[in-house]
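*Asks:* Chains as they are written, first to last, in my numbering: chain P, 1 to 529; chain U, 1001 to 1295.
Treat the hints loosely; a few may be bogus.
Said to hold, decoys possible - When the alpha-carbon atoms are kept at most 30 Å apart in a straight line, the in silico DSS-like pairs for lysine-lysine are as follows:
#: 1; chain 1: P; residue 1: Lys454; chain 2: U; residue 2: Lys1196
#: 2; chain 1: U; residue 1: Lys1255; chain 2: P; residue 2: Lys454
#: 3; chain 1: U; residue 1: Lys1257; chain 2: P; residue 2: Lys489
#: 4; chain 1: U; residue 1: Lys1255; chain 2: P; residue 2: Lys489
#: 5; chain 1: P; residue 1: Lys297; chain 2: P; residue 2: Lys317
#: 6; chain 1: U; residue 1: Lys1257; chain 2: P; residue 2: Lys454
#: 7; chain 1: U; residue 1: Lys1255; chain 2: P; residue 2: Lys450
#: 8; chain 1: U; residue 1: Lys1255; chain 2: P; residue 2: Lys69
#: 9; chain 1: U; residue 1: Lys1263; chain 2: P; residue 2: Lys347
#: 10; chain 1: U; residue 1: Lys1170; chain 2: U; residue 2: Lys1196
#: 11; chain 1: P; residue 1: Lys182; chain 2: P; residue 2: Lys338
#: 12; chain 1: P; residue 1: Lys317; chain 2: P; residue 2: Lys364
#: 13; chain 1: U; residue 1: Lys1263; chain 2: P; residue 2: Lys454
#: 14; chain 1: U; residue 1: Lys1196; chain 2: P; residue 2: Lys347
#: 15; chain 1: U; residue 1: Lys1170; chain 2: P; residue 2: Lys449
#: 16; chain 1: P; residue 1: Lys449; chain 2: U; residue 2: Lys1263
Unchecked claim - Among the chain U residues that face chain P by a calculated CB cut under 10 Å, a handful are:
#: 17; residue: Ser1059
#: 18; residue: Arg1062
#: 19; residue: Ser1063
#: 20; residue: Ala1066
#: 21; residue: Gly1070
#: 22; residue: Gly1076
#: 23; residue: Val1119
#: 24; residue: Gly1120
#: 25; residue: Leu1201
#: 26; residue: Glu1236
#: 27; residue: Phe1239
#: 28; residue: Gln1249
In case anyone wonders, no lab produced these hints; they're calculated from the structure.
No residue lacks a Cβ here, since even glycine has one placed at the ideal position from N, Cα and C.
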Amino acid sequence: MKQFLYFLTILVVAAAAGTPASAQVTPERLLNSSKEPQNWLTYSGDYAGHRFSALDQINASTVSSLVPKWVYQLGSTGKLETTPLVVDGILYATGQDDRVFALDARTGRPIWLFQHPLPSDVRPCCGRVNRGVAILGDKVYFGTLDAHVIALDARTGNVAWDATAADYKLSYSFTLAPLALKNMIILGVSGGEYGTRGFIDAYDAKTGERKWRFNTIPSPGEPGHETWQGDSWKIGGAPAWITGTYDSVSNQLFWTTGNPAPSNRGVQREGDNLYSDSLLALDPDTGKLNWYFQYTKHDEHDWDSTQVPVMVDLDGKHLIAHANRNGYFYVVNRSTGKLISANPFGKVTWSNSKDDEGRPVATKESSPTLEGNRMCPGAIGATNWYSPTFDPQTKLFYVNAREQCDIFSTAPQTNEPGHAYYGSAYFPADDTEPYWGALRAIDPATGEKKWEFKHLSPSWSGVLSTAGGLVFTGDAEGNFIALDAASGKPLWHFQTGSAAYGGPMSFAIDGKQYVSIATGSALFTFALP
Amino acid sequence: MGVQRARKLEPVLFARRRTLFLISAAGALFLVCAALTVRAAQDVNPFSGDPEAAKAGASQFRSNCAFCHGLGARGGGRGPDLTRAHKRHGNSDAEIFRTINDGIPGTAMPANGNTGQGVGMTTEEIWQVIAYIRSVENKGSAQSAGDAGRGRHLFADSAGCAYCHMVEGKGGRLGPELTGTGAARSVDYIVDSVRKPSRRLAQGLLEATKEFPQEYETVTVVTADGQMFLGVILNEDNFSLQMMDTREQIHLFDKTKLRSVEKTRDSMMPAYDPKTLSDKDLQDIVAYLISVSAK
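Work out the full structure, taking the sequences as your base and the hints as a guide.
*Replies:* Rendered as structure tokens:
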């Protein structure tokens, strides 16, 4: 008994002392993430989607002495597409085949590792990847390649709950990092390469109970249903596979959607195909649609609009800035959904005119043909899912752009559940010039390009801006690069040994700033000596 | 601490333990049966000669294979002409299945579903693709219109190919090694590469699956102290350059320390027009490359 009392006393004292590592991540902390720049609490670092760090210890004058502090190797094949979260010294990230891990963010030493056992017949498109976790309360949340949503205890990695969102045998999967908002975990499904029907789900963070589902293709009787030919709506794709943003002032959730299926064949689905390739403004409490803006009507080129919709405030105007896979940089009023401007940020050949609202209109010749026709951008797009950044100091939007044209072909295809449903394919154009890429700085006020930093090959890396006047990006040759945010001049680089597909982010521990990026199947973290 | 860490890694360990348990519980007999079934399934094309399967395979081929092997399977800048009866990595259904399913290490041929770009194919779909390949295959032996023996001499001597290109361990280092090219590229592609070498340089794949980034771009480098080097690029990124000069010496440069770097996609290889190299000579050289690659 004496021993027990002694033990109890230790417990009580320990609890009173408290440890930052076990502090709860409340919805308020997520809303006010700018008050704790030492942490990186959401996929994009804040609800606005800025991927901006207010830390400035690493800056234009100190960055040249940046050195690697640790590398964490997953020791598995495949690539990391993750953006780590850091909360009070602990880093949470995801890896191939639905791995989730927690590390000591100062040393890179593992605290726990979880792997979701996947069925052997899961066949997700485009790599067995995952882009990260969400954190809320004392749990971390992620979506799996077999379409489960799983809550893990943040301190142990033990499963708290496991909800099934859809049937993976029908090719539904999750690859994105969920968004934690209020008491909910919100995420959108992948599967635009198959005959699926996209959706965005919200789950009760405590119980895993589904609070609402927004089908990205309207059911019969709902507005927008008439934009689908016959039964094509049932298998029309429009997935929602990148993390959205949230405006607490108007209480609106912004989420983007992907291509209609089959991606390369429009004749089986005549009509605009709402809400594929769109920006959706949802009421997060109900999942009801406030408004939508469709970037690409009746897409036949696989130009998913699944890029982070970045909230930008300029001259008192509340906007969404979006560098779209179709090659245009769109600025939309985020209260009304009305288009403000659309300017190309890469080579575009599919449109040469705009409609009354200023939307680029596809030429008749842009449709894929049986033998194939050349169109720019190519199927991978002028950009893709990897995150851009908005720097509130320079007021510039930075995005990795791709200069590549492809030959798009189309052929009839019957949908078979669980099988790829592309409606044919695309091929590299037989160009003399190889394709290339560039990190581009765009002024959202004008749509003009301020500077560019050329990549030898197009980069799949996300971009981070910091209060240190820096922009960080990875490249396809394996470099992690810091550039002057105002001029685009490279100031520092490190060769990591593999192409970057991850999202860079920054955090601080005990007053020391760190920058992390995943390349290949390893996570690299840098700091000043 | 050690114990604690082991406990915290439990989810993964548990998954492994459960797998082991299932295997032992299922019993050896089951495993043997399963292995035999899988083996049999991968040896025989259930759709052999089925025109409907070949049609389905044509659709799969467009989506999964034509990116490198071209529409109609006639070969592209990245993959061999599959209409040829002879396949470098095996002609039987079982061998072609394995080539598609497992890929060919050391080449740009990826394992099915492992490119990071598409969905990949089911076993059934792979067999459909093989049925399609059979339906477009030229019956009979590979084209041997040229005189391979004469082509070998032309290659090594008068046409000067071996000055830059290596075949079976003999020749130069400046251009691509060509031992396997006869099998890996279509005749049209090889002819085009000799007549118009600058039209397209060696083509890499998408970055994710790029096995061999070298594209043989021509580069002229001037160092800070004024030395000039002409050669081909072995590799480069935004900050460094690895090149081979015309004397086959490798140079490794920090780009920031160079006076100038000029790259061009005009190949260092001269364009062989029909006056320099007759159609007959070229045909013989192609026949030689095909014969070498078939060994």
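*Asks:* Give a verdict on every hint.
*Replies:* Right, here's what the structure says about each hint:
Distance restraint check for Lys454/P and Lys1196/U: the Cα-Cα separation of roughly 29 Å lies within the 30 Å cut-off, and the hinted pair is therefore satisfied. Between Lys1255/U and Lys454/P the alpha-carbon distance is near 15 Å, which keeps this suggested pair within the 30 Å criterion. Between Lys1257/U and Lys489/P the alpha-carbon distance is near 16 Å, which keeps this suggested pair within the 30 Å criterion. Of the pairs offered as hints, the one joining Lys1255/U and Lys489/P holds, with about 15 Å between alpha carbons and a cut-off of 30 Å not exceeded.
Proposed proximity of Lys297/P and Lys317/P is supported: the alpha carbons are some 26 Å apart, at most 30 Å. For the given pair, Lys1257/U sits about 19 Å from Lys454/P by alpha-carbon distance, which is consistent with the 30 Å threshold. Pair hint Lys1255/U plus Lys450/P holds up; C-alpha atoms about 25 Å apart against a cutoff of 30 Å. Among the hinted pairs, Lys1255/U with Lys69/P is consistent with the structure: their alpha-carbon atoms are about 26 Å apart, no more than 30 Å.
Straight-line distance between C-alpha atoms of Lys1263/U and Lys347/P comes to about 23 Å, which keeps the hinted pair within the 30 Å bound. Proposed proximity of Lys1170/U and Lys1196/U is supported: the alpha carbons are some 24 Å apart, at most 30 Å. Using a Cα cut-off of 30 Å, the hinted pair Lys182/P and Lys338/P holds, with the two alpha carbons roughly 27 Å apart. With a CA separation close to 35 Å, the supplied pair Lys317/P and Lys364/P exceeds the 30 Å bound.
Proximity of Lys1263/U to Lys454/P is assessed by CA-CA distance (about 15 Å); at most 30 Å being required, the pair is judged to hold. Our distance criterion of 30 Å between C-alpha atoms is met by Lys1196/U and Lys347/P, whose separation comes to about 27 Å. Simply put, Lys1170/U and Lys449/P have alpha-carbon atoms about 51 Å apart, too far for the 30 Å limit, and the pair is violated. Under the criterion of a C-alpha separation no larger than 30 Å, the hint pairing Lys449/P with Lys1263/U is consistent with the structure, at around 26 Å.
Among the interface hints, the one on Ser1059/U holds; its C-beta lies about 6 Å from the nearest C-beta in chain P, closer than the 10 Å criterion. With its C-beta approaching chain P no nearer than about 5 Å, Arg1062/U sits inside the 10 Å limit, and its interface hint holds. Below 10 Å, beta-carbon pairs count as interface contacts, and Ser1063/U has one with chain P at about 5 Å; its hint therefore holds. Hint status for Ala1066/U: holds, given a least beta-carbon distance of 6 Å to chain P, under 10 Å.
Contact between Gly1070/U and chain P, as hinted, is supported at the beta carbon level, the nearest pair being about 8 Å apart and thus within 10 Å. For Gly1076/U, the suggested interface contact is upheld, since its CB lies about 8 Å from the closest CB of chain P, less than 10 Å. Interface restraint check: Val1119/U against chain P, minimum CB-CB distance 4 Å, threshold 10 Å, status holds. With a cut of 10 Å, the hint placing Gly1120/U at the interface with chain P holds, because the nearest CB-to-CB distance is about 6 Å.
Below 10 Å, beta-carbon pairs count as interface contacts, and Leu1201/U has one with chain P at about 8 Å; its hint therefore holds. At its closest, the beta carbon of Glu1236/U sits 7 Å from a beta carbon of chain P; the interface hint therefore holds under the 10 Å criterion. The restraint placing Phe1239/U at the interface with chain P holds, with a minimum CB-CB distance near 6 Å, inside the 10 Å limit. For Gln1249/U, the suggested interface contact is broken, since its CB lies about 23 Å from the closest CB of chain P, more than 10 Å.
The structure shown violates the earlier hints numbered 12, 15, 28.
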